[in-house]
Amino acid sequence: GAVVSQHPSWVICKSGTSVKIECRSLDFQATTMFWYRQFPKQSLMLMATSNEGSKATYEQGVEKDKFLINHASLTLSTLTVTSAHPEDSSFYICSALMGPSIYEQYFGPGTRLTVT
Amino acid sequence: DAKTTQPTSMDCAEGRAANLPCNHSTISGNEYVYWYRQIHSQGPQYIIHGLKNNETNEMASLIITEDRKSSTLILPHATLRDTAVYYCIPISSGSARQLTFGSGTQLTVLP
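Just so you know, the protein sequences line up as chains A and B, in that order.
For what it's worth, our numbering labels the leading residue of the first sequence as 304, then goes sequentially.
For what it's worth, our numbering labels the leading residue of the second sequence as 2, then goes sequentially.
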């Protein structure tokens, strides 16, 4: 149990275009999902917290108009990187919480974004 | 949340126990100690957590000192697939449960 999927697993896009990444909890409902970004040889950095049915909460320094997050259902959150630039190239990872009193986060496999 | 200190890297022979230490001397009474690991180019994986008692599950054991200022994650019989970066992360109960990943320990299991 507690499986989280991400799609796509990797994507290459041209500078200026937008890319959508999906995060799904396959066998549980997730009221809260998190989005992280990881640059090469660095640790994961939290970008935003996504709660079902409400606006995402972004970490300081993360542009909410550039990284659009939608958590439309209890099993799906999406991250859209708008007007992507080469510096947005990174490994994007989502995670999900199984419930309000559960603290373990279950992570997706990650999405490798390369902007050319 | 409490700050943590972990060794940058460790090696372990395959089949032997891997003992990964974590110092969290500023941990508060309501902070759990969580351990995650990240295999290269994959999402992190939850391993185990504890408050003050030692814990064991199918993956690992967690030993927390009586003063709670440090803990040790034990992989009893390390395999090559356990090669990963291991993160020790304190999380307080009632928090937003966001994870702050430090540098972690790169464990390399050697054949």
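Note that these hints are calculated values from the structure, not bench results.
The structure presented is a predicted model; accordingly, all values stated were derived computationally and were not measured.
Misleading hints may appear alongside valid ones.
Unchecked claim - Sample of chain B residues lacking proximity to chain A, with all beta carbon distances greater than 10 angstroms (derived):
| id | residue |
| --- | --- |
| 1 | Thr-6 |
| 2 | Gly-16 |
| 3 | Thr-27 |
| 4 | Asn-55 |
| 5 | Glu-56 |
| 6 | Arg-98 |
What the hints assert, rightly or not - Selected chain B positions facing chain A (Cβ under 10 angstroms, derived; list incomplete):
| id | residue |
| --- | --- |
| 7 | Cys-13 |
| 8 | Gly-30 |
| 9 | Tyr-33 |
| 10 | Gln-46 |
| 11 | Tyr-47 |
| 12 | His-50 |
| 13 | Val-86 |
| 14 | Ile-92 |
Beta carbons are placed, not taken as given, at the ideal position from N, Cα and C, and that holds for glycine.
For each hint, the structure was consulted:
no.: 1; hint: Thr-6; result: holds (14 angstroms)
no.: 2; hint: Gly-16; result: holds (28 angstroms)
no.: 3; hint: Thr-27; result: holds (19 angstroms)
no.: 4; hint: Asn-55; result: holds (18 angstroms)
no.: 5; hint: Glu-56; result: holds (13 angstroms)
no.: 6; hint: Arg-98; result: violated (5 angstroms)
no.: 7; hint: Cys-13; result: violated (21 angstroms)
no.: 8; hint: Gly-30; result: violated (16 angstroms)
no.: 9; hint: Tyr-33; result: holds (7 angstroms)
no.: 10; hint: Gln-46; result: holds (7 angstroms)
no.: 11; hint: Tyr-47; result: holds (5 angstroms)
no.: 12; hint: His-50; result: holds (7 angstroms)
no.: 13; hint: Val-86; result: holds (8 angstroms)
no.: 14; hint: Ile-92; result: holds (6 angstroms)
When each numbered hint is compared with the structure, violations occur for hints 6, 7 and 8.
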